[in-house]
Amino acid sequence: MAFKKDSFLGTMIFTVTLCLLCSFMITGTAELLKERKLVKKRDELKRNVLIAADVDIADKDFRAIFDKGVKPLLITLETGDIATGSEINVLDFDDKMAAINPETSVKLEKKQDKAKIKTRANQVRVFKVFDANNQLEAVVMPIYGKGLWSMVYGYIALQPDFNTIENVVFYEHGETPGIGDFLNDSEWTDKWHGKQLFNEKGKVSFKVVKGGAKAGDVHGVDAVSGATMTGRGVQRAVQFWFGAEGFETFLNKLKASEAK
1 MAFKKDSFLG TMIFTVTLCL LCSFMITGTA ELLKERKLVK KRDELKRNVL IAADVDIADK
61 DFRAIFDKGV KPLLITLETG DIATGSEINV LDFDDKMAAI NPETSVKLEK KQDKAKIKTR
121 ANQVRVFKVF DANNQLEAVV MPIYGKGLWS MVYGYIALQP DFNTIENVVF YEHGETPGIG
181 DFLNDSEWTD KWHGKQLFNE KGKVSFKVVK GGAKAGDVHG VDAVSGATMT GRGVQRAVQF
241 WFGAEGFETF LNKLKASEAK
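Oh and the sequence shown: position 112 is 112 in the UniProt record's numbering, straight run, nothing missing.
Derived by calculation from the structure, the hints in this document are not laboratory data.
Cβ coordinates follow ideal geometry from the N, Cα and C atoms, glycine included.
There may be inaccurate statements among the hints.
[Said to hold, decoys possible] Heads up, simulated PhoX-like pairs for lysine-lysine below, C-alpha to C-alpha not over 20 Å straight-line:
#1 K110 x K71
#2 K41 x K60
#3 K41 x K68
#4 K210 x K195
#5 K195 x K255
#6 K37 x K96
#7 K191 x K210
#8 K253 x K128
#9 K255 x K128
#10 K201 x K191
#11 K214 x K191
#12 K253 x K111
#13 K118 x K107
#14 K40 x K107
#15 K96 x K41
#16 K71 x K253
#17 K195 x K207
#18 K214 x K195
#19 K255 x K71
#20 K253 x K203
#21 K255 x K203
#22 K116 x K207
#23 K68 x K40
#24 K111 x K207
#25 K107 x K96
#26 K128 x K68
#27 K96 x K116
#28 K201 x K253
[Said to hold, decoys possible] Have a look at the derived ranges for each label pair, beta carbon to beta carbon:
#29 E258 x K201: 18 to 28 Å
#30 E200 x A244: 15 to 25 Å
#31 D81 x C19: 45 to 55 Å
#32 D94 x L20: 27 to 37 Å
#33 D59 x A244: 34 to 44 Å
Sequences and hints are given; from them, build the entire structure.
Have a look at this one:
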């Protein structure tokens with residue numbers, strides 16, 4: 001049946017068609033932006049993990065280095081087991097959402113919550129880093145905890161003895177400019193290299209020492225003047241994440257499997 005363009009029916013068809021086209025365009029744009037955001041998030045993750053493992057990525061294809069030499073794992077903290085299954089996409093696992101979702105997290109009692117994070121995800125990502133000969137070079141694990149004003153997020157890489165710190169990187173915080181700057185200062189983070197997390201009894205003994213660590217202190221790094229509370233928050237975060245509520249069970253299982 002013929003109809004006039006300026007008739008009611010013609011106007012309705014034109015309006016509906018225009019709405020559908022706009023809807024498709026908006027949906028397509030949203031999906032494109034979502035994918036770009038996801039790629040950017042993956043790139044930031046890969047870069048931070050490699051920096052934490054002290055891998056040289058200057059003027060290099062960090063994506064290729066990561067894809068070739070890093071094995072991402074999703075672990076269950078309570079059991080220390082590695083989650084398996086083709087449906088698991090470790091790179092896109094949302095750590096922050098997992099930590100606040102009641103179905104994927106646990107509420108911490110005050111005496112447990114050294115890091116002052118209130119809730120902790122049941123599962124977290126860790127990263128095994130291998131050298132050119134496919135030998136384990138480091139294990140990179142996330143940490144976070146309350147600083148003075150904000151949550152401080154970072155990664156710590158342990159050497160294959162699962163005790164000695166290879167490197168550390170802090171990639172997100174909201175501490176006051178000038179106070180929290182030291183978290184991204186390599187002069188300070190370099191002092192973590194070679195420090196040991198645990199004492200001979202297996203207790204987490206890492207500390208940020210006000211006034212400076214003594215010579216020969218294998219567990220302490222210097223606190224920064226004027227940023228005592230931020231440094232104390234970092235210390236508490238390390239002690240929490242490598243204790244019983246964090247990676248302790250996983251590391252014990254990893255040590256046992258590597259010793260075989």
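Here is how each hint holds up against the structure:
no.	hint	result
1	K110 x K71	34 Å, violated
2	K41 x K60	19 Å, holds
3	K41 x K68	19 Å, holds
4	K210 x K195	16 Å, holds
5	K195 x K255	18 Å, holds
6	K37 x K96	16 Å, holds
7	K191 x K210	14 Å, holds
8	K253 x K128	14 Å, holds
9	K255 x K128	13 Å, holds
10	K201 x K191	23 Å, violated
11	K214 x K191	13 Å, holds
12	K253 x K111	25 Å, violated
13	K118 x K107	6 Å, holds
14	K40 x K107	31 Å, violated
15	K96 x K41	13 Å, holds
16	K71 x K253	17 Å, holds
17	K195 x K207	10 Å, holds
18	K214 x K195	13 Å, holds
19	K255 x K71	17 Å, holds
20	K253 x K203	16 Å, holds
21	K255 x K203	15 Å, holds
22	K116 x K207	17 Å, holds
23	K68 x K40	19 Å, holds
24	K111 x K207	19 Å, holds
25	K107 x K96	14 Å, holds
26	K128 x K68	11 Å, holds
27	K96 x K116	15 Å, holds
28	K201 x K253	17 Å, holds
29	E258 x K201: 18 to 28 Å	21 Å, holds
30	E200 x A244: 15 to 25 Å	18 Å, holds
31	D81 x C19: 45 to 55 Å	51 Å, holds
32	D94 x L20: 27 to 37 Å	32 Å, holds
33	D59 x A244: 34 to 44 Å	42 Å, holds
Going through the hint list in order, the structure does not satisfy hints 1, 10, 12 and 14.
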